[in-house]
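Enquirer: Go ahead and model the full structure; you've got the sequences and the hints to work with.
Per the working numbering, residue 36 is the first one in the sequence shown, and the count goes up by one each step.
Hints were generated in silico from the structure; no laboratory data involved. Misleading hints may appear alongside valid ones.
Pair by pair, the computed Cβ-Cβ distance ranges are [unchecked claim]: (1) PRO125 with TYR69: 43 to 49 Å; (2) THR116 with THR87: 42 to 48 Å; (3) TRP120 with HIS161: 46 to 52 Å; (4) ARG131 with ASN98: 31 to 37 Å.
If you're wondering where the values come from, they're calculated on a predicted model, not measured in any experiment. Yeah, the Cβ is synthetic: ideal placement off N, Cα and C, and Gly gets one too.
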Amino acid sequence: MDSSRERATLLSVLQRTLASWPLSVIFLPWRTNYEIFEHAINTFNQDGETNTWIQRFCESKSNELSNVSVLGSLTAAVIGTAFTWAPPAPVPATVRGAWYCGLIFALTAVSVAAQQNIALIRAKAHPKGFDNLRYMLMEAKKTLDLPVTRAQALAMRNQPIYYQLYLWQVPIMMLNFANIVLAMSIVYLVAQTESAANPPRTN
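Expert: Have a look at this one:
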């Protein structure tokens, strides 16, 4: 009984911690990302088509992924260069392990961003790519009677699929992880080097 209560308490603390602003930016889908998804799948043009807004989503997301690819490549290059540094004190294994983790995060961000960008480019080239992308992003209405008329389609308020929010956030999240790991490891390395250069005096 006590162990289950302790687990529930730890889970509650973890949820509150992840809900804090600094960590929610990294771990949770940003609110603006959800609003973009919701607007793209629910806003129709005058002729009843959503292609314009889906196209805007593709263009903005493609630009975002391109920036992530460039920044991820730069981060990976910086981490790779860090292995050649020659500080006065030996580099601890924990710092090298952190650099390896950051390198994996950065390369994952670049790889996933490239794949998602290619998927958006192919969606633009497909005759029904924008429609397929819209239905992929929105949550299916299982209780809806088919076929659906145009008036019903316009009246429906669809919600984005929750896991899609996370999938499209993976590149920027991995890039954030890489930068955080790199920054923390450098701070730790500088602090350790400084303490090694200035050992505490003994009476």
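Enquirer: Confirm or reject each hint.
Expert: Evaluated hints:
The hint said 43 to 49 Å for the Cβ distance between PRO125 and TYR69, and at roughly 46 Å that hint holds. As the Cβ distance of THR116 to THR87 is approximately 44 Å, the hint placing it in 42 to 48 Å holds. The beta-carbon spacing between TRP120 and HIS161, approximately 47 Å, falls within the hinted interval of 46 to 52 Å. At roughly 35 Å, the beta-carbon separation of ARG131 and ASN98 lies within the given 31 to 37 Å, and the hint holds.
Checked against the numbered hints listed earlier, the structure breaks none of them; every hint is satisfied.
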